Structures are given as structure tokens and as C-alpha cells.
Amino acid sequence: MSLEVTDLVVDLDGRRVVDGVSFAVPDGARVGLIGESGSGKSVTALAILGLLPEGADVSGSIRWDGVELVGRHDRDLAALRGEQIGIVFQEPQTALNPLRTVGRQIAEPLRIHARARRRDALARAQADADRVRLPEGALRRYPHQLSGGQRQRVAIAMAIAARPRLLIADEPTTALDVTIQAEILALLGELIDDDGMSLLFITHDLAVLSQVATDAVVLEHGRVVEAAPVSILLTAPASEVTRGLLRDATATLWRPEASS
Amino acid sequence: MTDRAGWLRRLWSLPTGRFGLVVVAVIGVLAAVSLVWTPFDPQRVDIPARWAPPGWPHILGTDASGRDILSLLLAGARTTVLVAAGAGAVATLLGLALACLGALTGRWLREVVAVLVDILIAFPVLLIAMMISAVWGGSLWVVVISVGIGFGVNIARVTRPELRRTLHSDFVLAARASGLTPVQIATRHLLPNVAPVFIVQLSWGMAVAVLAEAGLSYLGFGAPPTQPSWGLLLSELQNYLTAYPLSVVWPGLAITITVLGLNMLGDGLREATDPTLARRRSAASTHTPAVVA
Chain A
1 MSLEVTDLVV
11 DLDGRRVVDG
21 VSFAVPDGAR
31 VGLIGESGSG
41 KSVTALAILG
51 LLPEGADVSG
61 SIRWDGVELV
71 GRHDRDLAAL
81 RGEQIGIVFQ
91 EPQTALNPLR
101 TVGRQIAEPL
111 RIHARARRRD
121 ALARAQADAD
131 RVRLPEGALR
141 RYPHQLSGGQ
151 RQRVAIAMAI
161 AARPRLLIAD
171 EPTTALDVTI
181 QAEILALLGE
191 LIDDDGMSLL
201 FITHDLAVLS
211 QVATDAVVLE
221 HGRVVEAAPV
231 SILLTAPASE
241 VTRGLLRDAT
251 ATLWRPEASS
Chain B
1001 MTDRAGWLRR
1011 LWSLPTGRFG
1021 LVVVAVIGVL
1031 AAVSLVWTPF
1041 DPQRVDIPAR
1051 WAPPGWPHIL
1061 GTDASGRDIL
1071 SLLLAGARTT
1081 VLVAAGAGAV
1091 ATLLGLALAC
1101 LGALTGRWLR
1111 EVVAVLVDIL
1121 IAFPVLLIAM
1131 MISAVWGGSL
1141 WVVVISVGIG
1151 FGVNIARVTR
1161 PELRRTLHSD
1171 FVLAARASGL
1181 TPVQIATRHL
1191 LPNVAPVFIV
1201 QLSWGMAVAV
1211 LAEAGLSYLG
1221 FGAPPTQPSW
1231 GLLLSELQNY
1241 LTAYPLSVVW
1251 PGLAITITVL
1261 GLNMLGDGLR
1271 EATDPTLARR
1281 RSAASTHTPA
1291 VVA
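These protein sequences, in sequence, are chains A and B. Here the first sequence is numbered in our numbering, starting from 1 and rising by one per residue. Here the second sequence is numbered in our numbering, starting from 1001 and rising by one per residue.
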């Protein structure tokens, strides 16, 4: 179950935001996509799942388990989303439906993909809630009754509920406090190990990336500028972009308040 | 996880919701009862008993031709229920259809529907009623259809942007990323989130339908004179306002209470279906402080 992206090109309303990106996430690998904002990392993630807004034009190749995803019907992709590839988004404040209880939202992917009955799905949702260490009784709460960190845990539980083979995490810790960031990163690492998932981790922060990924692809203006193991990026960056990211990451380590 | 009847219980716990529910239920029951029984035949003319003051046997008195006002009001409740429910149904169907077309379809059709709604909203309900009755003659259906169209357009106008906002929200993206199909997204995420806005518009539309029936019947576009109607009764009695001021009070009161009840029911429903509003009210009882993750 590997992901191969080859010469991916995405135009949004006529503007080229991803320009010939190629990389691969082999089975069990932990790959980071890193770059400044506007470098095309989130668009790449959305393109993989076929979730780009209308007016987006995608060409190139995205192969999942050898099967081409570009140009596939939305119905086929829907069967894949959540079931094979899960995603966690950046903003936990808005990623949950305010009108539905946390339990129903975690159970939703199970109800759809495993066609689980309500009771079974809720039992499994409870197990997932325990795995992401939500407090007792969280399933009966509404999103507004949870903290930002707890909401992100709910989003993670939703993403892994149907046991996907690949987890895409799009800046999952950027909106969180620094202390909670570390907890969420540790949790993600743990879940990936337990389930044997692959990880595609998207961030602008090399310090964060170094905690979860082993390999990284550096993007700038929609193009790949460097692809190397994270240890190489940290010690011997080959491009000016990576050196810039490294400087920012170091600044983050020393002055947390400047990380925005 | 949520109790499916939970919103009903929340509605009952709200003063506005309880009042609205009781009023609407009472009007409905009275209308049903009037089908089989009224104190007097509402259309029976009894000249010797004309302008009887409230008392026995005419509890609310009689009108200029000796008809029993209470019986007229009970029979008129049927018309009110029919008009409010009919106009509500037409407005719901039309409004949601236009809102969905204007929010969920392709760019081109969306724009056309938006412009169409903007044009239709410029037509007053009265004008629509006059146009329809010019073709088919005056009847209650004219009221139902014209108010339904008028408020359906209103509902579409208010619901469409809300639908688009929800469609582009992160949680809908997350739901799509979970593998939900468009239909599942519409029923589980979109409709529940636009429901509060929609309900307020609908209850307001139904209240206006009650008023519009009175107004249009008065102008001759609505209920024919043989059909008992609060609006007709009011317009007949107001001719004698200076001589018998008390008689006008009864249909006026019936209309006022019904409109108030519908508005409060809508207000209560909006609050009962939105858990983020429920929190503020019952914060002390159920909300335990969130532990920082």
C-alpha cells in the first residue's frame, strides 16, 4: 500500500499552485512535506484525496497501491477516503460539526465504511476515544464543550476510525499550544506504530517535522527543491529554502512566541 | 449518542417553546373539534339575537346578523390551520429547492437561481396573490400559494448563503475526507446546520400567512364570504367598531395569540436544535470544565 505522486500539477482558477511535484510514501514510511505557506503542501494533500474545490485542475499521476487516482470519479474516491487514507486538518476549532456529539462524529466513518450498526459503531468509537486519550464521557459532549487539544484528538480519532493504511496530517499541531503540540505529536507516532500506518506529515516547522518523520520533501512555490532524510536536512541542508526553514525552526526552539 | 427526542425535551423546557407549542396545539385541537361540534351553527342567522353581549348562551356574543362569534372563531381556526400549514409546506418545498439549487449545483446554474431569487423577492406577496387570483379567482388556495411563494423565496434567500457557508466549512471537508457521499453530507451535515435559520424563517412565514389570510380575505382575494375566517370576521366586525368595540377584540385576539405562538415556537425550536445555545442556558448544570488535553 504505497502512495506515488508523479509530476503532479494543480491549477486553482488558472493559477498554478503545484508545479510538477513528485514523491513517494512507501508502505510504513513517515514522510514529511515541508515548506513555507503557499508552497502547495496542503493543496497536494487535498489533491491526493480528490478534495480540491471546484475550479481546480489536476494533472499528473497519483497512484495508491498502483491504482491511478487522478481523474477517478468522486464516488470511487469517497470509498477510499477514511477507509484507506485518513486525514487530520489544521484547525480543530472548525473541523467538527457543532451540532453533533463527538461520539457520532467518530462513529461516522465506521458507519459508512464498515457499515457498522449504530451500537457497534459507538462501542468502537469509545475504543478509539480511549486510544487518543479523550476524557471519560467525551463521546456524549458537543465540540464546543471540548478544548482545542481535545478537539484535535477527536479529529484524529475520526481519521483513524476506519483503520486507514495512510494517515495524512496537515499541520495538525500548528493551531495548538506548544505543550499540547508535543503530546499530539507523540500520540500520532504511537498510533502509527500500533496500526502500522504510513504517514504523510505536512508542516512548515522543521523542528516539528524532525519529531515525526524520517524523510522529507521540501517545497517552494509548488516545486520540489530538496528531498532527503530528515537527518540530512538538519545537518547538511542542500538548498537555501531548507536553510531558511532550519533558521526558523531554531528560532522556534528558542523563542516559542515567535513561531506564528 | 444523542437522545433523538432530546430537542423536544429541550423545547418544552424553554418558556418560549412551551408557550408556542401549547398555543399551536390548542389551535389545532380547536380546529379539529370544530369539524364535528361548535356551540352553534357558525353560519346560522338569528336576527333577534343580533349584537348579544358576551354571556350565555352566546359566550363571546353575536355579530350583526346574530351569528355566534365563538362558533365563528372555532370554525375559522380551521381556515387558519389550513392556510398556515399549506403556506408552510409550499414555502418549505420551494425555499429548500431553490436554496439547494442555488448553493449546491454548478457555478452557472447557481448564479441563475440567485438572480431569479433576487427578482422574485421584489414581488410583494399581495401582488403575487392578485396575479394568481386574476387567473383562478379568489380562494384560500390563492392565499396558500401566494404566501408560500413569497416566503419560499425568502427562505431561499436566507438559507442559500448559510448553505454555502456550511458547504465550505472545515467539518464538511472533514466529512468528505471520511468518505461521506454528497447525499450523506447533505442529510447529516448541511441540513441540520441550516435548520435554525430555516426554522425561524418558516415560523415567521406561517405567522405572516395567518395575517395575510386575514388581509387578503378582507380585500376579496382570499376566503369566500361563506368560509368562516378570522380575517373575514374581523373585517366585518370592524364596520361596527364604534358601536360594538368589544366584538372586534375576539378575532383580533385569536389572530394575535396565534401569530405570537407561531413566532415563539419558531424561536424555541431554533434554540432547542442548537446545542451551542443550549450550553449557555444550562451551563451550570451539565457543563463540566474541559480538562486541557
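These are calculated hints, taken from the structure and not from any lab test. In this text the structure is predicted, and so the values were computed from the model without any measurement. Note that the Cβ used here is the ideal one computed from N, Cα and C, for glycine as well. Errors might be hidden in some of the hints.
Claimed, not checked - Derived, one-sided and incomplete: chain B residues facing chain A with beta-carbon distance under 7 Å:
#	residue
1	P1039
2	R1157
3	D1170
4	G1179
(request) Could you check if D1170(B) really has its C-beta closer than 7 Å to a C-beta on chain A? (result) With Cβ-Cβ at 4 Å, under 7 Å, it holds.
(request) So, R1157(B) near chain A? Judge it on the closest CB pair being under 7 Å. (result) violated (23 Å)
(request) Classify the hint on G1179(B) as holds or violated, based on whether any CB of chain A lies nearer than 7 Å to its CB. (result) holds (4 Å)
(request) Would you settle whether the hint for P1039(B) is holds or violated, based on the nearest Cβ-Cβ distance to chain A being less than 7 Å? (result) violated (47 Å)
Checked against the numbered hints given earlier, the structure breaks hints 1 and 2 and satisfies all the rest.
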